[in-house]
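Asks: Single-letter residue listing:
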Amino acid sequence: MSDTIIYAMYDDDDKVVNAAKKLVKEGVHVNEVFSPMPIHGIDDVIGVRHTRLGIAAFLYGLTGLMLATLGMKYFMIDDWPMNIGGKPNFSYLENLPAFIPITFEFTVLCAAHGMSITYLLRNKTLPGMPAQNPDPRTTDDRFVMEIRQSENGQFSSDQLHAMIQSTDIVEIDEKQTK
Amino acid sequence: MNFQFTSKFKNVTFILMGVGLVLFILGFLSEKSHLYVTPHSHDSIALLQKNSADPESLNYDEQLVFKEVSDGVSEEDADLLLVEYYHELPYTVEELKSKINEAAKEKEITVTYKEFSSHSNHGHADHGTHEVDHHEESHADEATTHEDHATEESHEDHSDDHAEEEHHDGNAEEASKHDDHHELVLLMYPTAEGDNHDHHEGNAEEAESGHHDAHGSSHSPIETLTHIIHDEGSFTDSHHSRSWSNLLVNGFFFFGIGLGALFFIGLQYATESGWGVVTKRILEGITAYIPVGAIFLIIVFIAGSMGWNHIWHWMDPEVSNPDSSHYDAIIANKQPFLGQPFFWIMNVVYFGAFIISARIFRKRSLQEDIEGGTKIHFKNYVFGAIFLVLFGYLSSAMSWHWIMSIDTHWFSTLFGWYCFSGIWISGIITILLMIFFLKGQGYLEFVNESHIHDLGKWLFAVSILWSYLFFSQFMLIWYADIPEEVTYYIARFTDYKYILWIVFAINLLLPLVFLMSREAKRSRQAIVIIGCVLFVTHWLDVFIMVMPGTVFDHWDIGVLEVGMFLFFVGLFIFVVLRAFTKAPLLVKNHPYLDENLHQHT
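Residue numbers (the working numbering), protein chains in the order written: chain W, 16 to 193; chain D, -2 to 598.
A few of these clues could be false.
What the hints assert, rightly or not - Taking lysine-lysine and the DSS-like style, the derived pairs with C-alpha atoms no more than 30 Å apart in a straight line are:
# : chain 1 : residue 1 : chain 2 : residue 2
1 : D       : 436       : W       : 36
2 : W       : 30        : D       : 585
3 : D       : 7         : D       : 585
4 : W       : 102       : W       : 30
5 : D       : 494       : W       : 102
6 : W       : 36        : D       : 454
7 : W       : 139       : W       : 193
What the hints assert, rightly or not - Pair by pair, the computed Cβ-Cβ distance ranges are:
#  : chain 1 : residue 1 : chain 2 : residue 2 : range
8  : D       : 334       : W       : 51        : 51 to 61 Å
9  : W       : 90        : D       : 499       : 28 to 38 Å
10 : W       : 36        : D       : 591       : 16 to 26 Å
11 : W       : 140       : D       : 339       : 23 to 33 Å
12 : D       : 350       : W       : 78        : 42 to 52 Å
13 : D       : 2         : W       : 107       : 38 to 48 Å
14 : W       : 107       : D       : 303       : 45 to 55 Å
15 : D       : 350       : W       : 95        : 29 to 39 Å
16 : D       : 2         : W       : 128       : 14 to 24 Å
17 : W       : 62        : D       : 268       : 30 to 40 Å
18 : W       : 90        : D       : 386       : 42 to 52 Å
19 : D       : 339       : W       : 51        : 53 to 63 Å
20 : D       : 346       : W       : 140       : 49 to 59 Å
21 : W       : 140       : D       : 356       : 32 to 42 Å
No wet-lab data here; the hints were simulated from the structure.
For every residue, glycine included, the Cβ atom is placed at its ideal position computed from N, Cα and C.
Sequences and hints are given; from them, build the entire structure.
Replies: What follows is the structure, given as structure tokens:
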């Protein structure tokens, strides 16, 4: 699908936020903002849907909790009960306090790893993956706003350019995709 | 803009304090003695037991006794019970009665007698004594790390006697109704002389010798038992244990809230935080309670030192006196720390450090409003860091001195942190509730959802920190199962049933489940409801830290407790709201103010 992508570059995070606010007010849909650091409030401005990473983390944690419980139930109670410190492991419930630290640790382990990997996958930033940002300078001191022609069908290319030019940009670039 | 403390809110706080005070006084007046004990002869003991008008509030053993007794006496008549054990009657019954009458007259107690003849076969009375015996023994057990087998043995033989003997309550006098609010029912269970007597003598000798081994003094087992029960298991009206303990619970809990806010200020200065600048005045307002709260704690400590209350039994100089019958080697060894001189020196340090720090923070904050610049900011940064170090040591030592030493023989290295996390979370809850109150009154329009969200995250995180420390302390003690450590939890599980776990479950699960989502951390409703519940459960947490060591199983949450809690809530709100009127609710000239006003998370 062919599309025209406009990249507008700014040199300050306040400028990019103000520009985004202005464009959004005029009805432009801003697809993405690339920035070297997190800009508080930008996601609300350009209408990025709130992340569901938290829900994923909860599910990973729940998985870890269940795996730890099942595992320890099998290892310590069913398969090879041991008498540790005068506390014979014949019942999981009665020895529950002893299993809590491992349950906790494994829950955290699964949640943290699952969350990191999901995050990297979703952002396509696993080690070795090609960079997604349009300009290497966005990892340094430049801020780039990405606007797609296809998502802004109500405006012509010239109108979009004019609107972007009216903001505090330092550079504007255009790219065609096939 | 300053907070305007309108007369409407003033009245609300005064009404709270007034209602609390009235309820407390009601509770105080209806407070009964729980257990008096007096030795009668070398092997008989008189045990005066609490007999509340409400049998439901008694524990199982007490209920059994109560039922047996109330067979012959109507329930309303029996305010106090005297349970008497004796084998050889030292006086004639009439002599005994007149002695008791004399004593009772002094205490303005009316005495009713209920006698059991010695040749009876009524199982009930028998059962009754047996139960009392048990109850008493459990007290002795609980009371002691003094290894006193002697008393136990002598008791076993009591119950043996009773089990073998058959009684019936012959000429039980019906108790007549009296207008006095104290009434005494005297139960007498004579055992038959003869075979049993010899048996008993043998045991008594054994007991006697065992006792000598243990203590090397000439006290009879009964006297020793009396001391033990009296010192550790019994409460008399003159000591008002329940009231004093409640004063400590509330004094510490509300003082802790002020301390939590103070710590939070110090933490934010030391980390040069920008996220909480707009709420700084709220924290400062809450720390205004610290000097007021200190007064109540000091009252309890002075009373403890003077022997007016028995909350800390290491305060009794006799326990470290090797010649005394109260001598306790374990406590004596802790004397350098748990001794009056060091305790008071440290109290000066604790209160001094906290009150002076709070004043310095407040003074500088007001100064910054006028002067501006970054000079004060960096001064605060340095002082905040110093304060945190100081607070780390002092808050731990403080919780050992004030709370942990109630169970003097017990210790836990995690206790300081556990106490501190409770202090911190109570502080955060109060900060949030105060912010919502002020917002509801139309103040703090500059505090936005993001600021609430940040504090909500703290509430969530510190709740989990508290649960983590609570559980760590419990699990290590549970796993190691060392007798001197497990006593703490045994007392809490047997006498306080599920309170400990309910407190733990609510304090962990409520924030964990309901504050996990971003929306809940920003929602006024969610935070106010959860905050109020957590406020009460953290109060209960302090309650359960203190009570099992001071009133043992005779705890209650009645008008006394509720009244005192309400009084303190009213006082706290009054002091804090008054502090809000004294300075604008938004700081000026803080270097991070502008950033924080545009906070977005």
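Asks: Determine for every hint whether it applies to the structure shown.
Replies: Each hint tested on the structure:
{"no.": "1", "hint": "D:436 <-> W:36", "verdict": "holds (29 Å)"}
{"no.": "2", "hint": "W:30 <-> D:585", "verdict": "holds (27 Å)"}
{"no.": "3", "hint": "D:7 <-> D:585", "verdict": "holds (28 Å)"}
{"no.": "4", "hint": "W:102 <-> W:30", "verdict": "violated (65 Å)"}
{"no.": "5", "hint": "D:494 <-> W:102", "verdict": "holds (23 Å)"}
{"no.": "6", "hint": "W:36 <-> D:454", "verdict": "holds (28 Å)"}
{"no.": "7", "hint": "W:139 <-> W:193", "verdict": "holds (21 Å)"}
{"no.": "8", "hint": "D:334 <-> W:51: 51 to 61 Å", "verdict": "holds (55 Å)"}
{"no.": "9", "hint": "W:90 <-> D:499: 28 to 38 Å", "verdict": "holds (32 Å)"}
{"no.": "10", "hint": "W:36 <-> D:591: 16 to 26 Å", "verdict": "holds (19 Å)"}
{"no.": "11", "hint": "W:140 <-> D:339: 23 to 33 Å", "verdict": "violated (59 Å)"}
{"no.": "12", "hint": "D:350 <-> W:78: 42 to 52 Å", "verdict": "holds (47 Å)"}
{"no.": "13", "hint": "D:2 <-> W:107: 38 to 48 Å", "verdict": "violated (56 Å)"}
{"no.": "14", "hint": "W:107 <-> D:303: 45 to 55 Å", "verdict": "holds (52 Å)"}
{"no.": "15", "hint": "D:350 <-> W:95: 29 to 39 Å", "verdict": "violated (54 Å)"}
{"no.": "16", "hint": "D:2 <-> W:128: 14 to 24 Å", "verdict": "violated (53 Å)"}
{"no.": "17", "hint": "W:62 <-> D:268: 30 to 40 Å", "verdict": "holds (33 Å)"}
{"no.": "18", "hint": "W:90 <-> D:386: 42 to 52 Å", "verdict": "holds (44 Å)"}
{"no.": "19", "hint": "D:339 <-> W:51: 53 to 63 Å", "verdict": "holds (56 Å)"}
{"no.": "20", "hint": "D:346 <-> W:140: 49 to 59 Å", "verdict": "holds (53 Å)"}
{"no.": "21", "hint": "W:140 <-> D:356: 32 to 42 Å", "verdict": "violated (51 Å)"}
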